[in-house]
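Novice: Each chain, written out:
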Amino acid sequence: MTTGQGHLMIKTALHAGRIMIENGSEVARVEDTIHRIAINAGYPDSKVYVTITGMMMSISGEENAQIEPVASRSIDLEKITQVNDLSRQFAAGTIDLPQFEQQLTALEAHPRYFPFWLQLISAGLVSGTLEVVFRHNLPDFGITCLIGLVGWAIFYGVNRVARVRFLSEFLAAVGIGALAIWFVNLHLGNSVDDIIIGSVMPLVPGVPLTNAVRDILAGDLVSGIARGIEALMSAIAIGSGIAMILQVL
Amino acid sequence: MITNLIIDLALTYVATVTFGVLINVPRRGLNVGGWISTVSFLVYRLCLMLHTGIALANLVGALLIGILSMQAARYKKMPVINFNIPSMVPFVPGGQAYQMVKNFALGNNSLALSYLLQVVVIAGAIAFGFLLAELFNRLQARLMLKLSSRWRHEHRHNPKL
Numbered sequence: 001m002t003t004g005q006g007h008l009m010i011k012t013a014l015h016a017g018r019i020m021i022e023n024g025s026e027v028a029r030v031e032d033t034i035h036r037i038a039i040n041a042g043y044p045d046s047k048v049y050v051t052i053t054g055m056m057m058s059i060s061g062e063e064n065a066q067i068e069p070v071a072s073r074s075i076d077l078e079k080i081t082q083v084n085d086l087s088r089q090f091a092a093g094t095i096d097l098p099q100f101e102q103q104l105t106a107l108e109a110h111p112r113y114f115p116f117w118l119q120l121i122s123a124g125l126v127s128g129t130l131e132v133v134f135r136h137n138l139p140d141f142g143i144t145c146l147i148g149l150v151g152w153a154i155f156y157g158v159n160r161v162a163r164v165r166f167l168s169e170f171l172a173a174v175g176i177g178a179l180a181i182w183f184v185n186l187h188l189g190n191s192v193d194d195i196i197i198g199s200v201m202p203l204v205p206g207v208p209l210t211n212a213v214r215d216i217l218a219g220d221l222v223s224g225i226a227r228g229i230e231a232l233m234s235a236i237a238i239g240s241g242i243a244m245i246l247q248v249l
Numbered sequence: 001m002i003t004n005l006i007i008d009l010a011l012t013y014v015a016t017v018t019f020g021v022l023i024n025v026p027r028r029g030l031n032v033g034g035w036i037s038t039v040s041f042l043v044y045r046l047c048l049m050l051h052t053g054i055a056l057a058n059l060v061g062a063l064l065i066g067i068l069s070m071q072a073a074r075y076k077k078m079p080v081i082n083f084n085i086p087s088m089v090p091f092v093p094g095g096q097a098y099q100m101v102k103n104f105a106l107g108n109n110s111l112a113l114s115y116l117l118q119v120v121v122i123a124g125a126i127a128f129g130f131l132l133a134e135l136f137n138r139l140q141a142r143l144m145l146k147l148s149s150r151w152r153h154e155h156r157h158n159p160k161l
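So the protein sequences, as listed, match chains A and B. By the numbering used here, the letter at position 154 of the first sequence is numbered 154, and the numbering carries on one by one without gaps. By the numbering used here, the letter at position 124 of the second sequence is numbered 124, and the numbering carries on one by one without gaps.
Incorrect hints may appear among the rest.
Said to hold, decoys possible - Derived lysine-lysine pairs resembling DSS-like cross-links, with alpha carbons at most 30 Å apart:
| no. | chain 1 | residue 1 | chain 2 | residue 2 |
| --- | --- | --- | --- | --- |
| 1 | B | K77 | A | K11 |
| 2 | A | K47 | B | K77 |
| 3 | A | K47 | A | K11 |
| 4 | B | K146 | A | K11 |
Hints in this document: simulated from the structure, not taken from any laboratory. This one's a predicted model, so the numbers in the text were calculated from it and none came from an experiment.
Please take these sequences and the hints and turn them into a complete structure.
Specialist: Dropping the structure here:
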């Protein structure tokens, strides 16, 4: 039978791994962190299998494998960084294993986000600035900011109610397309194309896309392909929303 | 021309930092990400001015983002994705992707396909740039391992080295 210490180590390592995967980390980083936790807890010979929907871990030669499913996925780089910091503190010996586990639970219970108004303003600025960088259309800067802000608000609101990322992206794209065409008809903007290009930029699936490439390059083919499909679905949701509006109006 | 470039660089910085806010990058990492993006975008624009073609320009930009992000990650002791994902945003082929969707929706399939090929070329160039950056980072880690005893001590548990 395994010792209580080994049991706690696997539980903590899997907990840390689950938080990282849930918030958009690539698989190689999770494996690396779990291995480091195991080594620093005094178990240099551990086996771990990580995918983006679940992970398994055992200490070699003992009957103590545990499974941790990953049910939900979102994007929050702050949590990944905090788990990374905790792992570093554990390696340096400033916290012990029970404290580590306790802090992971606290981290999940009290997430730290930027306030919603700041997110809205940021979404507007991402849209407006990128519209100018891509299309050099300075007169439409303000209107793109406004529509990008509304688009993000739709995305955020639908995501809260429905909890389906693809649906929120689709509806946000439809809203952005409709608003852009309407405002140009009212002569508040010059180019429908430029306004739409800028306004959908906050919705671009940058994290899944980058992680898909990194996972495949690192040899985690299962997770890389799954993430690639996730990014593709987001792109299709945004694209079909825009295409639908362009055909209707 | 120069004024345009300066405006674009300033806006690139703003876009990177604000995109960082949207994906909840920790506050202490936002500024560095913005600078990485601005420098890479400047080099990308210089490449375009030298008529290297859009694929090579994107490759060089992505390579620079990959290398600088790794240095920032080591310096700030934060995961590298905090820096390279926001920095990549100004390189996304958003214009071409939109033209592709629009032309498919309006039935101009041949025009849409040519935009699709452009998107594929740019995305491929960016992915290859990241791959080369990864290679550079591995080589740098190996070299540091040989040269610096402090580095060797700090990374003695790293299973990758």
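Novice: Does each hint fit the structure? Answer for all of them.
Specialist: Evaluated hints:
| no. | hint | in the structure |
| --- | --- | --- |
| 1 | K77/B - K11/A | 25 Å, holds |
| 2 | K47/A - K77/B | 26 Å, holds |
| 3 | K47/A - K11/A | 14 Å, holds |
| 4 | K146/B - K11/A | 36 Å, violated |
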